[in-house]
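Asker: Start from the sequences, fold in the hints, and give me the full structure.
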Amino acid sequence: MDTLITHIGRPTRRVDGQLKVTGRAKYAAEYDAPGLLHGAIVSSSIPAGRIVRIHTDKAKAFPGVVEIFTHENRGKAAWLDYKWRDQVAPPGHPFRPLHSDRVVFDGQPIALVVAESYEAARDAATLVHADYQPDEHRTDLLVERERSYQPPKKRSGVPKPPSPRGDAEGAFDQAPVKLANTYRIAAEHHNPMELFATTCVRGGDGKLTLYEKTQGSQNSQSYVTSVFGLKSDDVEVINHYVGGAFGSGLRPQHQLFFAVMASLELERSVRVSLTRDQMFHIGYRPEILQTVGLACDAEGRLQAVMHDATAGTSHFEDYQENVVNWSGLLYRCDNVRLSYELAKLNTYTPCDMRAPGAASGVTALECAMDELAYAARIDPLELRRINFATRDENDNKELTSKALDACYDEGAAAFGWDKRSFEPRSMRDGRDLIGWGMATGVWEASMQKTVATAKLSANGHLEIATASSDIGTGTWTILTQIGADALGLPLEAVTARIGESGLPASPIEGGSWTAASAGSAVQAACDEVRKSLLKQAAGLPGSPLADASPEDVRLNAGRLELKADPSRGISIGEIMTASGIGEIEEEGKAAPDKLQMLKYVSYTHSAIFAEVAVDEELGVIRVTRVVCATAAGRILNPKTARSQILGGVVMGIGMALHEEAMTDHHLGRVMNHNIAEYHMPVNADIHDIEVIFVAEHDDKASPIGVKGLGEIGIVGTAAAVANAVFHATGKRIRDFPMTLDKVLQN
Amino acid sequence: MKRFEYIRAESIDDAIAAIAAVPDARAVAGGTNLIDLMKYDVAQPSRLVDINRLPLDTIEETSEGGLKIGALVTNSALAWDTRVEEHFPLLSSAILAGASPQLRNAATTGGNLLQRTRCYYFYDACTPCNKREPGSGCPAIPGVNRIHAILGTSDACIATHPSDMCVALAALDATVHVAGPGGTRTIPFADFHRLPGDQPELDNTMRHGELITAVEVPPSRFGAHHTYLKIRDRLSYAFALVSVAAALTLDGDRIVEARVAMGGVAHKPWRDRLAEADLAGKQADAAAFQDFADQVLEGAVGYGHNSFKIDLARRAMVRALEQAAAGTPQRQTDKRIN
Chain A
1 MDTLITHIGR PTRRVDGQLK VTGRAKYAAE YDAPGLLHGA IVSSSIPAGR IVRIHTDKAK
61 AFPGVVEIFT HENRGKAAWL DYKWRDQVAP PGHPFRPLHS DRVVFDGQPI ALVVAESYEA
121 ARDAATLVHA DYQPDEHRTD LLVERERSYQ PPKKRSGVPK PPSPRGDAEG AFDQAPVKLA
181 NTYRIAAEHH NPMELFATTC VRGGDGKLTL YEKTQGSQNS QSYVTSVFGL KSDDVEVINH
241 YVGGAFGSGL RPQHQLFFAV MASLELERSV RVSLTRDQMF HIGYRPEILQ TVGLACDAEG
301 RLQAVMHDAT AGTSHFEDYQ ENVVNWSGLL YRCDNVRLSY ELAKLNTYTP CDMRAPGAAS
361 GVTALECAMD ELAYAARIDP LELRRINFAT RDENDNKELT SKALDACYDE GAAAFGWDKR
421 SFEPRSMRDG RDLIGWGMAT GVWEASMQKT VATAKLSANG HLEIATASSD IGTGTWTILT
481 QIGADALGLP LEAVTARIGE SGLPASPIEG GSWTAASAGS AVQAACDEVR KSLLKQAAGL
541 PGSPLADASP EDVRLNAGRL ELKADPSRGI SIGEIMTASG IGEIEEEGKA APDKLQMLKY
601 VSYTHSAIFA EVAVDEELGV IRVTRVVCAT AAGRILNPKT ARSQILGGVV MGIGMALHEE
661 AMTDHHLGRV MNHNIAEYHM PVNADIHDIE VIFVAEHDDK ASPIGVKGLG EIGIVGTAAA
721 VANAVFHATG KRIRDFPMTL DKVLQN
Chain B
1 MKRFEYIRAE SIDDAIAAIA AVPDARAVAG GTNLIDLMKY DVAQPSRLVD INRLPLDTIE
61 ETSEGGLKIG ALVTNSALAW DTRVEEHFPL LSSAILAGAS PQLRNAATTG GNLLQRTRCY
121 YFYDACTPCN KREPGSGCPA IPGVNRIHAI LGTSDACIAT HPSDMCVALA ALDATVHVAG
181 PGGTRTIPFA DFHRLPGDQP ELDNTMRHGE LITAVEVPPS RFGAHHTYLK IRDRLSYAFA
241 LVSVAAALTL DGDRIVEARV AMGGVAHKPW RDRLAEADLA GKQADAAAFQ DFADQVLEGA
301 VGYGHNSFKI DLARRAMVRA LEQAAAGTPQ RQTDKRIN
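Which chain is which? The protein sequence lines are A and B, in order. Terminal number for the first sequence in the UniProt record's numbering: 746, no gaps in between. Terminal number for the second sequence in the UniProt record's numbering: 338, no gaps in between.
Please keep in mind that the hints were generated in silico from the structure rather than gathered at the bench. Virtual Cβ for every residue (Gly too), placed ideally from N, Cα, C. Some hints could be false.
Claimed, not checked - Under the rule of at most 27 Å between Cα atoms (straight-line distance), these lysine-lysine pairs were calculated in the BS3-like manner:
{"hint": "1", "chain 1": "A", "residue 1": "Lys-60", "chain 2": "B", "residue 2": "Lys-68"}
{"hint": "2", "chain 1": "A", "residue 1": "Lys-60", "chain 2": "B", "residue 2": "Lys-335"}
{"hint": "3", "chain 1": "A", "residue 1": "Lys-639", "chain 2": "A", "residue 2": "Lys-20"}
{"hint": "4", "chain 1": "B", "residue 1": "Lys-39", "chain 2": "A", "residue 2": "Lys-742"}
To be verified - Cβ-to-Cβ under 8 Å is the rule here; a few derived chain B residues that face chain A:
{"hint": "5", "residue": "Tyr-121"}
{"hint": "6", "residue": "Ile-141"}
{"hint": "7", "residue": "Gly-143"}
{"hint": "8", "residue": "Glu-276"}
What the hints assert, rightly or not - Computed spacing ranges between beta-carbons, pair by pair:
{"hint": "9", "chain 1": "B", "residue 1": "Lys-2", "chain 2": "A", "residue 2": "His-93", "range": "52 to 60 Å"}
{"hint": "10", "chain 1": "B", "residue 1": "Pro-55", "chain 2": "A", "residue 2": "Leu-142", "range": "57 to 65 Å"}
{"hint": "11", "chain 1": "B", "residue 1": "Met-1", "chain 2": "A", "residue 2": "Arg-13", "range": "34 to 42 Å"}
{"hint": "12", "chain 1": "B", "residue 1": "Asp-253", "chain 2": "A", "residue 2": "Leu-142", "range": "28 to 36 Å"}
Answerer: This is the structure in structure tokens:
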């Protein structure tokens, strides 16, 4: 049963755009409640040790202060630590705020001051003081790598490195062209515009409504019910709008625990918000050291790939990412050996940050590929083409689609790659050295089980609902588009409901799977509505659609009509009135096809081309041009899709040039914990970025042919910039970010 | 942030009296730095005296052809003033190299002089810092010191002064007008900010109760031979790793007078008058500029992360002098270094 597609594939403005730019879209910290109390978290000033004494007297005496919670009087919460595990917790023991006198990471919450006003809470929080007995702390990955280990327990959803295939060492030794180098990428901290906040509104019946910054309302709900022993019916979590999250909102952050704990203990509504500097003490992209060894024959065919990574994690959880597996599947090679280890640091547990694993791992791989191209004296793009893989050799599976060759072709053409001169330092513009570099990007295209409902009213209005989140990606809009097209309605006739834990089950918004998962569920629900509608229509006396099968009809402009003869049809309103029903509501489900997954695997691909201008005397790098060509299956909304790629590319430029947690290892503390000194790109750093979506038909990645776009834009971008810097200067900088001192060095 | 008393001053005398009466009272104008510091619990004034209503927001021409800039003239108003653009483009350029338009719209001339260091440790009330808490120690010396000073440091402090505007004012030989309980006085710009020595808590030579009323710049003779070159970790909205304000008077290709001030390298805008004097009379060429830069940096000391600044400062001074000599001042709009 098809319809006239009118919205999918068109650049469509965000349906929530006007609300956002006029300030009417409410975020977690903007909800109010009668008698709302305000909490301020006090953070530890040491990275490891014990709290000998915590002084709260002065703070308690401060006007307006209601209560101060410390480890000595923390409210009731689950004792067993598995109860604290959220849906995406890595193996280990989840952090339990105020659980004991032990401090295991810098900035650990050690108290919550609750007061009648935000100002009083904040002011009094500065009066809480702790005496510590410090322990030795470890924060330097370069030192702690000596104690690295393979995580004994795998993180759910993150593949382990595959077993070695062939004989990588042997092939490496015998190959005529080879190299092995170590790359370091600094820890990066999440800095979405919106701070983490929870407003816990306590109803007269004791039920809690949580306005919460999260990427998964149902994850927060189950965390709260598990930790505090509450019933699901008594806790509703709302996250209609999320001011950026990038992975930081996948797991509940401290403020959720504190807001609920204080609310339950004090029987009042409570809001707790993190401060910007406290945002530097939550999950982050871990610092990582990677050694990549590559070897090829004289024609550039890969003979050996070795990729070994060591990343930081906390003392209490084994956070894991898929860092190295990309090196076993992106190019064809018979001899592959990959390893991934962790080292414990006195920090909070790292967390997913846009393309976790791939953003780091593919950067190292793609820099190494560029180095190999120069060692073999083969054009870097040509080297990738020579080694093009048509299946996933890690898992020995077919790919559902892979239009990466089109990304190479269209990206190179748009960039003008054929005008590039091979030799480093061979292109100039006045005083500037010009460099052109490229890289490949890859990310998994996955689906998660998702449920949606669709409710069609007699007046032709459609409401679609699922608990999914929109973290700024455009979920509100694409689901509206899908609903409209599925039932042949204008966008205005469709209302999406998302961001509420009470809606049909949806996973956390992460992994770039929301468009494919929630989109397919909405499509399925709408398909059910159409079938029901036809059933009703066919049963009406003298129905012009009496003998029609679902394949024969379509919905168009509020009318169910025969495709072959559109003059024969009935309007939605007529069908419902005549059938005596006010609305039709159906449920749709989407889930990965387990059987298909035995044979197939699905990835998104990209080719990134970057131009840099380097003032070599002063070390200043400008990224003057980027072309990112992406193969991501069906593009639902080229406008929001483009924004995702732009954001990813900007973040990749940040990884290349700017982003870096500067840790004082004497103090065990990140020192640039504000966004004046923690640099990410600003407007002046960003020039032309051209986004290309190549045609890619995929009928297996998801029922609606979508692969997802949230993460692919960052993958490979830092490598393309680094490779361009080499082409400009002849210098390999293997330490990210490539700040100007590193250009001056060498 | 600690609670504080807020007083809005209606006259200069009122303001001075209100500040002088309370040892930890502070004046507030744009608040772009002070309010941040209060939020971070770094500054805890018990009284804030709002001076925004004082009649200090005009730019007047002096009889000698210079300008007297009221303390409350905003950075934006100053940078875009046609007299400043025409006769003191170095000052305009330096201001526009700093902060963001929003901040420049709020920040004032007086406040710019009084902004405090961006040292990570100074900003973090959980760490020791001799500037914030005298005698507590300086973790920046063995710690994270990428943005710290290489000249004029002490064992107590290696912080830098973060202003761009002040670097230009130092090169322009400005004078600071202050008013206090004891009357008014003027302070030559070079004597306004101080080196940390063993009292790093003092950024400048003002006394408690004194208020900056104006900054005066004498007439400029540099024509197009000036530049403000700022090198930073991203192309906008970042403090200088090294910045150079350079101004030359030339007779043909011979240097008559050279003024070079550096930002990002010391506790105050850094000038070396002996080196400047040595440059006078020389041919304006790369060799002379190199010698000059070497001389300025003779006593420079790196602390690890910031050691690259010595070499960077040398290169930046040479480039800035080349720009000034060529009459091609650094543009602040397209962020491309010329």
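Asker: Please name the hints from earlier in the document that this structure breaks, with their numbers sorted from lowest to highest.
Answerer: 1, 2, 4, 6, 8, 9 and 12
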